[in-house]
Amino acid sequence: CALPDAPAVPGGGQHPLPIAVAASGGPELSAELVIEGIIPWSAVLAAPAAGRVIAELEAPPQWKLGEAAQLAVRVTWTGEPPRGMVLVNVDLPAGCTPVTDSLAKLVASGRIGQFEQRPGGLVLYVDQLPAQSPFVLPVPVRPEVRGQLTIPAARASFYYRPSDESWSAPRE
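In this text, residue positions in the sequence shown follow this note's numbering: the first is 2, and each later residue adds one.
Hint data in this document are derived by calculation from the structure and do not stem from the laboratory.
If a hint is listed, it holds; no wrong ones were tucked in.
Between beta-carbon pairs, the in silico distance windows are: (1) 21 with 151: 43 to 53 Å; (2) 86 with 118: 19 to 29 Å; (3) 66 with 161: 38 to 48 Å; (4) 118 with 63: 24 to 34 Å; (5) 139 with 26: 51 to 61 Å; (6) 112 with 151: 18 to 28 Å; (7) 61 with 108: 17 to 27 Å; (8) 19 with 114: 30 to 40 Å; (9) 102 with 80: 27 to 37 Å; (10) 161 with 63: 38 to 48 Å; (11) 161 with 135: 14 to 24 Å.
We put the beta carbon where it would ideally sit given N, CA and C, even for glycine.
Between the sequences and the hints, there should be enough to build the whole structure, so can you do that?
Laid out in structure tokens, this is it:
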């Protein structure tokens with residue numbers, strides 16, 4: 002399926018977008034997708050953020066092999082008013098696995114909207130961040146390998162504005 006480069010949708014009205022689908026050795030099918038604009042998208046998506054979302058990962062000084070340890074993700078929105086739909090990407094220290102039943106309790110309590118486990122880390126979906134006040138989330142992990150652990154960078158962005166992503170510095 003080939004989609005042409007779509008121009009920015011300029012406000013209300015109908016905006017046709019041609020689509021061509023071709024299978025190997027098969028006939029090409031053509032269609033037209035019509036985007037119905039009700040409000041100017043640029044007014045919704047292109048407004049610059051009036052602050053930054055910052056994520057920091059903190060860890061206990063001592064870890065015991067096989068026992069759950071508590072990382073803390075501190076997420077701060079520096080602007081006003083409170084903001085929602087924040088993605089927090091947490092890379093876990095090498096050799097650690099997340100304790101997913103504890104993360105499921107964060108979802109059930111409403112502290113986060115959901116979480117996804119990905120290779121080497123987690124994505125936490127925060128529904129609402131207070132303005133200019135740290136929001137701390139516990140992230141339980143289980144160290145499975147001996148050694149000195151490095152706390153990787155955490156990063157945060159708004160769901161619809163990944164270009165505004167901020168990173169914390171990794172630490173030992």
